[in-house]
Each structure stands twice: as C-alpha cells, then as structure tokens.
Amino acid sequence: MTPHALWTAFYTILSREIRRFTRIWAQTLLPPAVTMTLYFVIFGNLIGSRIGQMGGFDYMQFIVPGLIMMAVITSSYANVVSSFFSMKFQHNIEELLVSPVPNWVILTGYVCGGMARGLGIGVIVTLVSLAFTHLEFHNILMVVITVILTSALFALGGFINAMLATKFDDISIVPTFILTPLTYLGGVFYSIDLLPDFWRGVSMINPILYMVNGFRYGILGVSDVNPFVSLGMILLFIVVLAAVALNLLRRGKGIRN
Amino acid sequence: MAYALEIQGLTKTYGDGFQALKGIDLKVAKGDFFALLGPNGAGKSTTLGVVSSLVNKSAGQVRVFGHDLDTELSAAKLNLGVVPQEFNFNQFEKVLDIVTTQAGYYGIPLKQALISAEKYLKQLGLWDKRNTPSRTLSGGMKRRLMIARALVHEPRLLILDEPTAGVDIELRRSMWTFLQEMNRNGTTIILTTHYLEEAEALCRNIAIIDHGQILRNTSKRELLQQLSVETFVLDLAGGHQQLPQLDGYVRRFDKDGALEVDVQKGSGLNQVFVQLQQQGIEVDSMRTKANRLEELFVRMVEANADNSDNDPKAQL
Ligand SMILES: Nc1ncnc2c1ncn2[C@@H]1O[C@H](COP(=O)(O)OP(=O)(O)O)[C@@H](O)[C@H]1O
Ligand SMILES: [Mg+2]
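Chains P and F, in that order, are what the protein sequence lines are.
When you line the first sequence up against our numbering, it's residues 1 to 257, in that order.
When you line the second sequence up against our numbering, it's residues 1 to 316, in that order.
No lab work stands behind these hints: they were computed from the structure.
Small disclaimer: the values here were computed from a predicted structure and weren't measured.
Cβ coordinates follow ideal geometry from the N, Cα and C atoms, glycine included.
Please note that the accuracy of each hint is not assured.
Claimed, not checked - Pairwise CB distance ranges, derived in the manner of DEER restraints:
no. : chain 1 : residue 1 : chain 2 : residue 2 : range
1   : F       : T13       : P       : Q90       : 24 to 32 Å
2   : F       : D262      : P       : G254      : 47 to 55 Å
3   : P       : G252      : F       : Q61       : 17 to 25 Å
4   : F       : P133      : P       : D58       : 47 to 55 Å
5   : F       : E302      : P       : G252      : 35 to 43 Å
6   : P       : Q90       : F       : L73       : 19 to 27 Å
7   : P       : P181      : F       : G9        : 46 to 54 Å
8   : P       : Q27       : F       : L73       : 31 to 39 Å
9   : P       : D197      : F       : T13       : 51 to 59 Å
10  : F       : L73       : P       : D58       : 53 to 61 Å
As the list claims (entries may be wrong) - One side only, chain P facing chain F, incomplete, derived with CB under 7 Å:
no. : residue
11  : M1
12  : A5
13  : T8
Next comes chain P alone, as it looks inside the complex (with noise of 0.2 Å):
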C-alpha cells in the first residue's frame, strides 16, 4: 500500500473508533464526568478540608492530577479492549483481516481510537475540577507529554487484553483486579511520603505511581518520583507493550485460525 493509502486506512480505523464511542456517549462519556464529579465533591470538598494539606496543596489541588489521570488510564483501556474484543466476538475483525492493512496500521488505529476517548475525558474532567478549584499548569509540556504516553500505554493494554480474551469475563478481570487497585494505590489520594518505609518502596514498584507523579509535576510542580524517570518508565512500557502486540497480531492469536 502507499504511504497515501496507509493513511487512509489508519484514518477509517480512527474515525470508526471515535464513531463508536460517541454513538454510545452516555456508556462512554458521562459515566467518567460523573464518577469524578463525585469524587471532587466527596474527596475535595467534604473531606478534604478537614484533610488539610498534602504536599504542600489544598488536599483538592492535590488529588485533581491524580484523578484526571485515573479517567484517563480507565478510559483509554476500556475504548480498546472492549471495541477490538467485540470486534472478534461479531467476527468483524474478518472486515480488518481481508483487507491488506499492515498490523502496525490496525494497533496504531486502535491505539490513538483508545487515546482519543482517553484524552477526550481528560478534558472533560479537567473542566469538571476547575468547577472545584483552580488549576496552573507548572510546566505544561509535561502535562501533555504525561497525559498523551500513558494514553497510549493504557490503550496498548486494552488491546493486548482484547486479543487475549475468549470471553466477556476476560476484558474486565484486569481493570477490576489490576488496574483499579494501581491507580488507587498510586498516590492518586496520597502522597507515599505519608506511608512508612516499606510501603513507600513496594508502592515504587507500581507503573502507575510515576505516571500520576509524573502528571501531577507537570500541573503542580511537586512529585514524588523524578518525573523524568516517570517519562522513561512509560515510554519502555510501550515499546514493550507495541512489540507484544505485534507479536499478537502476526500470529493472529485467537483472531485466524
């Protein structure tokens, strides 16, 4: 194919993606505005000002970072694993491999479908904290740098998972086990200083943290982690997660006979 008809093909797959998840807007989009809409009120509101400061923050200025980036991370993931997962369950996946679209093609189309509803939602929450409080960038390019890698990570998951799924139960195993305790567990709602030594250094282990300090520096200024470790961090996992997927895709696991 030209490199003309590589973009028109990479093209229709995006547009497909963001076709679908705002035909179903109100499973896609509305949930993750309301979710955090919640939680600023609970966490920020209520209970944050007995909280007091974290980090040198308003407990509410604290945890916006932390939760833009878990809508991010949730919702990047969920775009792809369950739009290419129900792709193989109607067998229309057959549409994709009929065609002479390259696998690299077909991850990158699902990858940036995935980014495009992640970050969509990040906007969305963002505009729901400055509701709650006010936001400054410290050093934007980081803000968008972060936000757009993990996009891409999350979303690489999501299709790993979809391609290992055999059934509906698979493509909400890792969210609710995996990915929902990381992001809890990753300083969204704390800074690990407040957690003793050896807490502090399982909790290092965690993908998750350095993405959200790696954000939340970028907005704040304050991480726990070197945010250009966080960088480096996310950027092997995607290299790694690509070359898994590849991988994946040329065998045609669970997707060719």
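Given chain P's structure and the hints, the job is docking chain F with the ligands onto it.
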C-alpha cells in the same frame, strides 16, 4: 499469470488435530465462473478461509492472480473480494458506513469510496437502506450487503461462500443474475455451494470436494456428459397404484405419484412406450428430471464415503 487462483498441495489441520484439507490442488482461470461443490463439512469454507487470510494454512501454496500469499500478501488481497458464509459486519453500524469503512481498509479515500458504495448498493437494491443500522435488514439484504462490501474496492476475483444459503427463491434468482452480470463484465467468480442447481445454473467449471479432497475438477459440460443414466418422469393417465412392468428399466414412483424411469444413455425410449402401451397405460406428459448433477454428485460422494475412513465429523 493465466490463473485467477492457483492452489497447490494445500493442507489444513485445525488446532484440535482435525485435518480439514488433505492436499488440495485447484486452478481457476481468469474470467471463469467456478463452483466448489461439496456436502457440509467437506472443507469448502476452510479452503476459502485460507485464500482470504482468515485461516492459517498448514502447508501448500496459494496464488491470487500470480501473487503468492506468502510473499505478496497485500497485492493478493487487493485483487480479492470476500463474501463469507456467516454475517460478520457490525450489527450496529449503518449500511453505508459498513461499505465505505471496508473501502477505507483498502486505502480508498472516502470521496471515491462513496461513489463506489453508491454504485453497488444501488445495483444490489440497498441504496434506500443506506442509513439503516445493519441489524434491521432482512437475511437476504444482509447477504447482499456483504456482496456490496466485497466489491467496493473493485476486486478482479470475487469469492462467495454459500451466498444463497437461506435466501428465498426470488432473491436467489436476482442474485444469480447479478453475479452473471459481474462475471460477464470480467470479474472472476468462485462460489461454494452444496446446492447443485446453483452450480448447474451458474458455473462453467466445477470442482467437487469431500472430506478435504478434490474428487473431480472439470467443466460442467464434461461432468454432465458423464452421466450414463438419464431419468425421465412420466405422468400417467389415471391413478396407478402398482408399478407397471418395464423389462430392462429401473423404475419407481416419485413423491407426486409420477413414474420415474432410468434410461441408459443411447438405449432409447421406444421400449418404454411399447411396454406401457401393451399394458394399456397412457402417458399424459413426459420430462427429464432436473438436478441431473445432483445424482452424479450424490453417487460420487457416496462412493467416496465408502472408501474413506468414515470420519464422523465429515458426514453429509
Ligand atoms: N475451527 C475449527 N476447528 C476444528 N475443526 C473445524 C474448524 N472449522 C471447521 N472445522 C472442521 O473442518 C471440516 C471442514 O469444515 P468447513 O470447511 O467449514 O466445511 P464446509 O464449508 O465445506 O461445510 C469440518 O469437519 C469441520 O467440522
Ligand atoms: Mg462452509
């Protein structure tokens, strides 16, 4: 490059160890209208699955217009349109979106895709339904939607897996006409069917497949010539309970009470009438039995079943 499709030594063993294809050789000339005929479980879908990259082959070679699937996959795919046996489009998407999206996967920009989609949706009587979610279409419309989707990138070879299964007679006829028109305009067509009338009505060349093996690969004409026996159906005047005496002929009543007589090629019909007349039986009308291929086919498959290891998975 004289062939639209060349298959050599194709085998397929599924993950559970079942060998669905046992070394298939097949050549389909450019411009041909070709039928792959076989009972359920013969390996038709598996063969087309390999050709359309939906099934990984175990061994063998496949070339589409000279492009080997192993070395020039994308060129092969550009020449190929696939209509699968099962509906496999997104039930929630609109008809037009399904077709233009498929075009996009082939690298065709939207503007051009819309022109091509309009052309085929109109030809297939689906243009009025273009903004309808596909799940609300009737079975026949869904089948035609898959044909439009397969044609949107103007492939030179169209393969259809049991395209008329579950489609009512009227619609089946119009689909046949459509396919014949496509073929006249230069598209090579391969279809699978277990429905003989279809192969007989449409195709120039026929391969018969059973238990993962090609039993015959020849022209329809030659196949029909092989029939050594022809069956005639005679409507007798007045009801008859008992079979008339007909020395030298196999005969029986069909389910409507007409007399069926098997006649060896070249032996003539005179004796039939002479004997009937001697018994005072009058013949109102007579015709040859349709589906002559059917009998040949059934005989071949039965013979093959006797010879084979009687795999329970591949019964008729
Ligand atoms: N995914 C599969 N795993 C195991 N066996 C299969 C699979 N798909 C088809 N088969 C078997 O392979 C044989 C050929 O199937 P198929 O090609 O679908 O036949 P046809 O299309 O001629 O009806 C059948 O016996 C079928 O049970
Ligand atoms: Mg079949």
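The hints, checked one at a time:
F:T13 and P:Q90 have their C-beta atoms about 27 Å apart, which keeps the hinted 24 to 32 Å range intact. The hinted window of 47 to 55 Å between F:D262 and P:G254 holds, with their beta carbons roughly 52 Å apart. Range check, P:G252 to F:Q61: about 19 Å between beta-carbon atoms, so the 17 to 25 Å window is met. For the hinted restraint 47 to 55 Å between F:P133 and P:D58, the CB-CB distance of approximately 48 Å keeps it satisfied.
As the Cβ distance of F:E302 to P:G252 is approximately 37 Å, the hint placing it in 35 to 43 Å holds. Range check, P:Q90 to F:L73: about 24 Å between beta-carbon atoms, so the 19 to 27 Å window is met. Roughly 53 Å separates the CB atoms of P:P181 and F:G9, a value that falls within the hinted 46 to 54 Å. Take P:Q27 and F:L73: their Cβ atoms lie about 37 Å apart, and the range 31 to 39 Å holds.
Look at P:D197 against F:T13: about 57 Å separates their beta carbons, and that is inside 51 to 59 Å. Checked against the hint of 53 to 61 Å, the pair F:L73 and P:D58 passes, with Cβ atoms roughly 58 Å apart. Look at P:M1: its Cβ gets to within about 5 Å of chain F, closer than 7 Å, so that hint holds up. Taken as an interface hint, P:A5 checks out: its beta carbon lies about 3 Å from the nearest beta carbon of chain F, inside 7 Å.
Restraint check, P:T8 versus chain F: the minimum CB separation of about 5 Å is within 7 Å; hint holds.
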